[in-house]
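Chemist: One-letter residues, chain by chain:
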Amino acid sequence: MTTTAERRVPVRRSRRGSSEALYSTIATAGLLVLLVVVLQIGSVSGWWRSAILPAPSDVAVSAWHLFGTGQFWADVGRTTFEIAVSLLIGLSLGLLLALGFWKAPFLGRVLEPYLMAFYAVPLVLFYPVMIVVVGINAWAVIVLASVMALIPMAVNCWVGLAGIPPVYLKLARSVRCSPFQTLWRIALPAAAPFIMAGLRLGTVYALIGAIAMEFTTAQAGMGYRIRYLYEYYSTVEMYAYITVVLVVSMVLTGALVAAERAILARRGSR
Amino acid sequence: MTAVQASAPVRPPRRRTVRRWRGAVPVGSVVVAALAVLVWHICSGLTFVIPSPAATVRALVRDLGDPGYLQHLQYTLVGSFWAFVIAVAIGLALGLLLGGSRWASVIFEPLLVALNGVPKIVIYPILLPIFTLGLGSKIAMGALFALFPVMTNVTTGVRSIPAVYWKLARSVNCTRTQTLLHIVLPALRRPLLTGLRLAVSLALVGVVLGEFFATRFGLGRVVLQAYSVGNYADMMGSIILLIAISFVISLVLWAFERRVR
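If you read the protein sequences in the order shown, they are chains Z and Y.
Mapping of the first sequence onto my numbering: residues 1 to 270, in sequence order.
Mapping of the second sequence onto my numbering: residues 1 to 261, in sequence order.
Watch out, some of these pointers could steer you wrong.
[As the list claims (entries may be wrong)] If we take Cβ atoms under 7 angstroms as the criterion, some of the chain Z residues that face chain Y in the derived model are:
id, residue
1, E20
2, S24
3, A27
4, I208
5, A212
6, T216
7, I226
8, I242
9, L246
Source of the hints: derived by calculation from the structure; they are not laboratory data.
C-beta: ideal position from N, C-alpha, C; glycine also.
In isolation and in its complexed conformation, chain Z is listed as follows (with noise of 0.2 angstroms):
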């Protein structure tokens, strides 16, 4: 009786949320085109001055013209740049901390209150201070994105490394697994849920911290342009980048929240 109900939970359970998961995106998608139809009927029937907000139609055609230019893709080229070089710098030392400390608890056990500092501590003001010591150049920018991405990663995947049933070791042990086994196949497998989070959070401060950087000084980049644009007052070329911005990373966004939830989903199965 018991396996029954414990089995047929989950089937429900996952009906349940699979009607759920519709009905949430047809409100996502109901709501955000609410939201262009009430921008478009507001800008065009006067509620307020297009200059301040234009309308969509318009801001569409502006991003439309946009994809067209080298400046446009010089400047996703730029931010991209800067944001992959930080994940691929700042995650994976961050994993490597993160082995460090599980393996030396004292490092950890030392080093801990920093870790837990640098998220009370607001580390794009220390931004003058790398333009001062790098240069206005995508390094600067770079330098402090690492750092961002560096410290939830080493955080996350510490404690699920530290988290790891003993027995699970035991077992690496008793099977004679090399190091690099037990590590590829025993402890990161084991800590996945936590590195999962860890990269996804180091993803989304690495990108809201390299795009507010830019905006405060650079040379170039998708925050500098949006800065620069609303300086001369190109106020419906300014929506189409922001537009840009906020689609990309939601939907950047959406997609590590999903993959972190399919990898949850597919262990929990198991």
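Fit chain Y to the given chain Z structure using the hints.
Modeler: Chain Y alone, transformed into the frame defined by chain Z:
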């Protein structure tokens, strides 16, 4: 689940080794800090663009004696305070709504979660004409930065309230207000405190980034001005001051949070 990690940074694990090293850990942490200052000092000797730690402290002490500087500081702190208060009010309301109502979460949660991952600074040019160039737009920016950790923590907090609490509320015929004040809010105190702690530094950073942009007062402007005239000791001093403020407040809240069980 993962939503908790999204909002509340997970705490590093406490393990058996702690006991063995208890005395050595704080000493080690202090050594790390001392090493960092030493490295900073050595780097400042290598290039003129990095002010030495001593010069930074001197500049900061001199600035703090200047009434004009204190006015900038006050401006930033007042802005951050209101940003924080507004963020907590909106974040708490949204969190209660998302956590309490199934339909609200089905309809609004995906968009709000996605917005959390958006670089909110790009919305600043939109906020500027709405909230004017003065303090209003900075407060709006800070509130926008800070409301998400409050919201996500409250949402997961409401969802993890044990079902028996709700049953109790119904069995003693609580009104909605009574349930909220006497059952939900006390049960939420820990996630709420976590959200508040994270909101502090975000409110401050939102306001200061706003001041980087277009303003007449505030430490953000002081930093940028010191940068543009090459007065790096003053710049560094103000940055350290801002970071110290958000660090100390977070630390106090963290200590408080650990005591509230």
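Chemist: Each of the hints needs a verdict: does it hold here or not?
Modeler: To see whether the hints hold, each was checked on the structure:
1. E20: 6 angstroms, holds
2. S24: 5 angstroms, holds
3. A27: 4 angstroms, holds
4. I208: With a minimum Cβ separation of about 5 angstroms from chain Y (threshold 7 angstroms), the hint on I208 (chain Z) holds.
5. A212: Result: holds, 4 angstroms to nearest chain Y Cβ.
6. T216: This hint holds: T216 (chain Z) lies near chain Y, its Cβ roughly 5 angstroms from the closest one there, short of 7 angstroms.
7. I226: 5 angstroms, holds
8. I242: 5 angstroms, holds
9. L246: 6 angstroms, holds
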